[in-house]
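One letter stands for each residue in the lines below.
Protein chains: 2
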Amino acid sequence: MADDKKLTTRAADFSAWYNEVVLRAELADYSPVRGCMVIRPRGYGIWERMQRQLDTMFKDTGHENAYFPIFIPESFLQKEAEHVEGFAPELAVVTHAGGKKLEEPLVVRPTSETIIYAMYAKWVQSYRDLPVLINQWANVVRWEMRTRLFLRTTEFLWQEGHTAHATLDEVEEETRRMLGVYRDFMETYMAMPVVTGLKSNAEKFAGAVRTYACEAMMQDNKGLQAGTSHNLGQNFSKAFDFKFQTEAGGTEFAWNTSWGVSTRLVGGLVMTHGDDKGLQVPPLLAPIEIVIVPIWRSDEERSRVLEAAERVRKSLHAWERRAPGKLRVHLDSREGMKPGAKYYEWELRGIPIRMELGPREIEKNQAVLVRRDTGVKVTVTLDSVAEDCADMLHQIQDAMLVTARERREKNSHRGGMDYKRFREIMEGEGGFVYAGWCGSAECEAAIKDETKATIRVLPDEEFRSAKTPETCLKCSGKAEFEALWAKAY
Amino acid sequence: MADDKKLTTRAADFSAWYNEVVLRAELADYSPVRGCMVIRPRGYGIWERMQRQLDTMFKDTGHENAYFPIFIPESFLQKEAEHVEGFAPELAVVTHAGGKKLEEPLVVRPTSETIIYAMYAKWVQSYRDLPVLINQWANVVRWEMRTRLFLRTTEFLWQEGHTAHATLDEVEEETRRMLGVYRDFMETYMAMPVVTGLKSNAEKFAGAVRTYACEAMMQDNKGLQAGTSHNLGQNFSKAFDFKFQTEAGGTEFAWNTSWGVSTRLVGGLVMTHGDDKGLQVPPLLAPIEIVIVPIWRSDEERSRVLEAAERVRKSLHAWERRAPGKLRVHLDSREGMKPGAKYYEWELRGIPIRMELGPREIEKNQAVLVRRDTGVKVTVTLDSVAEDCADMLHQIQDAMLVTARERREKNSHRGGMDYKRFREIMEGEGGFVYAGWCGSAECEAAIKDETKATIRVLPDEEFRSAKTPETCLKCSGKAEFEALWAKAY
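Here the protein sequences come in this chain order: A and B.
If you're matching positions, the first sequence starts at 1231 in the numbering used here and goes up one per residue.
If you're matching positions, the second sequence starts at 1231 in the numbering used here and goes up one per residue.
Okay, chain A solo, but in the shape it has when bound (with noise of 0.2 Å):
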C-alpha cells in the first residue's frame, strides 16, 4: 500500500479505514505467525502511556505488580468447570519442551484465574493475610479464528487483577471500584465515554458470578467491549480449595475479583477518533503532542528556519508544566520532503498539534498552530508559545471528549422502541438501543440470531431512560430490566 493513496474513507469501508490507519501510521503490523501481530513503537508509546496511567491508579486503589508462570497445567483449567468450558477451545498447548513429550501438557495461559488462586491458597493462612489486591501485566494467547489488529488478536497484551477478600460486601465493592478507575481512564485519558452496567449471565466470564463492563461506542455505531471486571464469588477458592481462619475462628472460602483491559484499548482508541485523514491521539496519551514543521524555500531560509526550530523545540520541551510532565515535542527536519507532505504524514499519525513554522512567522516572532480535531489554525506569539500550546492540549483532550459523547447519544436509541423497529435500527445504521427485557436467555439468544445484536450491558442506573420501559423487547413480556443492545466486535 503506498503511502501516497488516499486512505479509504469511514463512510466507503470502515474495516477497511481502520486496517489502513492501523497499518499507514505503524501502530501495528501483521506478523508471520496466524493471528499475532507486531506492534510497532507508534502504537506501543500509546499502549505504553495506558500502561503507565492505569498503573498509578492501581497503585493509588492499594494494588501491587507480580508476576505469575504463562504456562498452566492442563488439570489446573478444568478444575473449575465454566472455565474450562468457556476456554477450552481456544487453548494453545505446549506438548513438547527441550526435546521431550511432557508428561502433562502445559497450557499457555488465557487468563490467570487457575495459577494465581492456586498460589494465593498456599499464601494466604487467616482473615490477617486478606485482602491480597495483585496485579499483572502480561501477554495471554487465546486462539481466534477471526482476528483483527489490537481488537482481537491470538497474542494480546493487557494486565489481570487478581484480589482475595474475606466478605462478599468487599468483594462486590472491589468489582465495582475497579470498573469506576477503568471509566475514569476511559473518560479522562482516552477521551472515549462509556457505558458501565451489569452482563447479561450469557454473556459473562466463564467462571465468574457477576461480570460488569464498560461498553463504548465505535464510528460504525457497533459497541465495543473496553474493559472487564468479574465478582468471582467463591467459585475459583472452592475450584482451589483456597480457604481462610476467619476472625471468629472458623475457616471460610475465601472471596475474589477478576479484572483486565488490553491492548484492545488502543483499536477502540482509534475507531472512537480517527478520522478520514486518520488516526487522531487524545494529548494524554499521545507519545508526540506537537510536531514543528519548519518551511523554508531557499538553503539560505532553511538554516535560519531550522535554527530557529530548533530553539523553539528547546524552549517547548524546557517548559516546566505542572501536570503531565514535559510538553512533549518533535521537530520533524527532514529534508527532500516538502511541508505539505509532512502535514500529510502527521495527520495521518494523529499528531494533536502542528506547529508551522516559516521565515514569514520568525521574522514576526510568530508561529501557527494547527489542530487536529478541528484543523483550526490559530498565530500565536513565541514568546508564550509553551503555554498556547498546553493550553490548546487541554482544549483539545476536552473536546474530543465531548464530540464522541455527543456522537454516541446522536446513535443512541430510546423509548418508543418496538421490534420491528428494532430490526430496521440493526439492519440499517446500528447504534446502542436501550430497551426492556423480559431476562429470559431464549429472548436474548433469538435476538441475537435474528439481528447478531447482543446485551452489551445492563445499564447502570446513571444510563438508564428516564421512563423505565416496561415491556420486553422480543416477547412483551414484563420488562424485568432495561438492556442495552447493539452489535459489537
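None of these hints come from the bench; they were simulated from the model.
Ideal Cβ positions, reconstructed from N, Cα and C, are used throughout, including at glycine.
It is possible that some hints are incorrect.
PhoX-like mimics (lysine-lysine), calculated; alpha carbons at most 25 Å apart, straight line [as the list claims (entries may be wrong)]:
(1) A:1352 / B:1236
(2) B:1556 / A:1556
(3) B:1678 / A:1352
(4) B:1556 / A:1572
What follows is a list of derived Cβ distance ranges for each label pair [stated by the list, open to error]:
(5) B:1281 / A:1611: 39 to 47 Å
(6) A:1407 / B:1564: 20 to 28 Å
(7) B:1308 / A:1481: 50 to 58 Å
(8) B:1548 / A:1527: 37 to 45 Å
(9) B:1533 / A:1358: 42 to 50 Å
(10) B:1679 / A:1358: 47 to 55 Å
(11) A:1399 / B:1607: 40 to 48 Å
(12) B:1285 / A:1636: 32 to 40 Å
(13) A:1334 / B:1678: 30 to 38 Å
(14) A:1632 / B:1399: 52 to 60 Å
(15) A:1358 / B:1651: 52 to 60 Å
(16) B:1637 / A:1566: 53 to 61 Å
(17) B:1624 / A:1506: 50 to 58 Å
Based on these hints, arrange chain B on the given structure of chain A.
Coordinates of chain B only, in the frame set by chain A:
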C-alpha cells in the same frame, strides 16, 4: 519453613541461604509448573524499579519500545545455523491450538532475533530508514534442566534490544554503547560492580559475531553474567534477506546488534548484597526505603505513638526530594507483634533504613535511624528527619558499592599464576583469576573440564592487569589475551 527459624548462614551453605532469602523475603515462590517461578510483589517491586530506570536509559540513547509475537515458526529458527544449534535443546513447542494440530509447530520464543529481523526486512528499504533502534520488554522461555529462582528459570522476564544499522562501525559502537549503559545501571543503581569485556568464541551468543558481557562476583566468589550485548554482524540479515539501498545506490545487508538483561539481575542483587540477616536492597531500587516501627508498651502510649508516627510518615512522604522522587516510606502499625519481631522481619526484607519511634523519642522530638547495611544507629531531630533520611540513603547506596567492590578485589587473583595454584583456587575458595590464554579452544575446554572454571570475559583495558601475562595458564604457550576465569552461575 517457619518464619522464626534462623536463616542458614552464607558460610554454612550459600545456596541454601540464597533460596531461603528469596522465599522468606517473599521475592518469589516456586510454581506448580516445573522450573517456572512466581515473582511476588516484593520481588516484582524491585524488578519494576530496574525496568523503569533501564527504560529511561534506553530512551535517552534513542531507543523506542515495541512488541513482537511470543510464537515463532519453527522454520525461522533454522535459518541461522549457529542460532538453531544453540537454542534447539531448550525449546518449548506448541503443537496444538484451537483444538487442532498445527501445520507448522510454533516455538515459544527463547529470544527474538529471528522474528524481529524478519519484520525489519519488511520495514526497511533504504539507508534513510536506518538506524532502527527498538527494545522489547517480554517473557521468554528456555527449557532448562536445573533451575534456580531468578538465576535460571524456564520462563523469565527480560528486555531485548534489537537494532539495525548501515555500517559495521555503527553496530560495534552501538554494541559497546549498550554494554556501557548496562554497566552504568549495575554500578549506579544495583551497587554491583562489574567487569566488562569480550566473550570467547565458545561462550558467545549463538549467532553473534562478538558478544560483550558484564560479569559480577557473587559472595560465594562465583561469577554471574549479568548482561550481554551482541554484535551480530550480518548473520541474521543474511538469513532473513534483510537488505537496504545504500546512499551510493547499491544494496547491502543490514548490520545488527542485540542486547539483554533479565530478572536474573534480582538474583544478582540478592547474592551481591544479602547478609546473614537476609536481603539488602540498594536504596535506589528499594520499593520501600524507610520503614517506621512505632514502639509502645501500653494502650495509652500506643495511640500517642501511632499518631506521631503517622505524622512523621506523612511529612517524609510529602518532603520534596529532588531526585529520585518522593521518599518511599512505610509505617508498620501492625498490632500484636513486638517491635523486635518487626525489626527482624524488615531486616530480612532488606529495607535500607529503619526508624524507631517510641514515647521517649517523641517527647524529645527525635527519632532513631538504623542503617541496614552497617547496623549503625543515630538519633536525629524530627525537624530535619527527611533530609537526614535522604542523606543516609545516599550514603548507604555509595557504601554498598564500595563494600561490593572491595570484596570483589579481595577475591580477585592477578599475576604469578600457574595452573597448580589456579586449580587450588578453583577447588578452594574460588574467585576471579586474571591469567594468560593462548587463544585456543582446546586449552579453554581442558580448563573447563578439569576445574569447571570458564573464561568469563577477556576484560576491557581498564580491568586488565598492570603486568600483561605472558604465557597461557594451561599450555604455557604465548598468551594472546588476558582472560578472566571463574566458576559461574
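**Asked** Okay, residue 1533 of chain B versus residue 1358 of chain A on CB: inside 42 to 50 Å?
**Response** Hint violated: Cβ distance 21 Å, outside 42 to 50 Å.
**Message:** A range of 32 to 40 Å was offered for this pair. Does it hold for the Cβ distance of residue 1285 of chain B and residue 1636 of chain A?
**Reply:** holds (38 Å)
**Prompt:** Between residue 1632 of chain A and residue 1399 of chain B, does the C-beta distance stay in 52 to 60 Å?
**Reply:** holds (53 Å)
**Asked** Quick one, are residue 1352 of chain A and residue 1236 of chain B close enough, alpha carbons at most 25 Å?
**Response** holds (22 Å)
**Prompt:** Honestly, do residue 1281 of chain B and residue 1611 of chain A meet the 39 to 47 Å range at C-beta?
**Reply:** Hint holds: Cβ distance 42 Å, inside 39 to 47 Å.
**Request:** For residue 1548 of chain B and residue 1527 of chain A, compare the CB-CB distance with the range 37 to 45 Å and indicate the outcome.
**Result:** Violated, since residue 1548 of chain B and residue 1527 of chain A (Cβ atoms, about 55 Å apart) do not stay within the stated range.
**Asked** Does residue 1572 of chain A lie within 25 Å of residue 1556 of chain B when you go C-alpha to C-alpha?
**Response** violated (41 Å)
**Request:** Check the following: the C-beta atoms of residue 1637 of chain B and residue 1566 of chain A are separated by a distance inside 53 to 61 Å.
**Result:** About 57 Å separates the Cβ atoms of residue 1637 of chain B and residue 1566 of chain A, which means 53 to 61 Å holds.
**Asked** Should the hint that residue 1679 of chain B and residue 1358 of chain A are 47 to 55 Å apart at their CB atoms be regarded as holding?
**Response** holds (54 Å)
**Prompt:** Given a hinted range of 20 to 28 Å, is it respected by the beta-carbon distance of residue 1407 of chain A and residue 1564 of chain B?
**Reply:** Taking Cβ atoms as reference, residue 1407 of chain A and residue 1564 of chain B lie about 24 Å apart, which means the hint holds.
**Prompt:** Given a hinted range of 50 to 58 Å, is it respected by the beta-carbon distance of residue 1624 of chain B and residue 1506 of chain A?
**Reply:** holds (56 Å)
**Request:** Could you grab the alpha-carbon distance between residue 1556 of chain B and residue 1556 of chain A and see if it respects the 25 Å cut-off?
**Result:** At roughly 18 Å apart (the allowed maximum being 25 Å), residue 1556 of chain A and residue 1556 of chain B satisfy the hint.
Figure legend: structure checked against the earlier numbered hints; hints not met, in rising order: 3, 4, 8 and 9.
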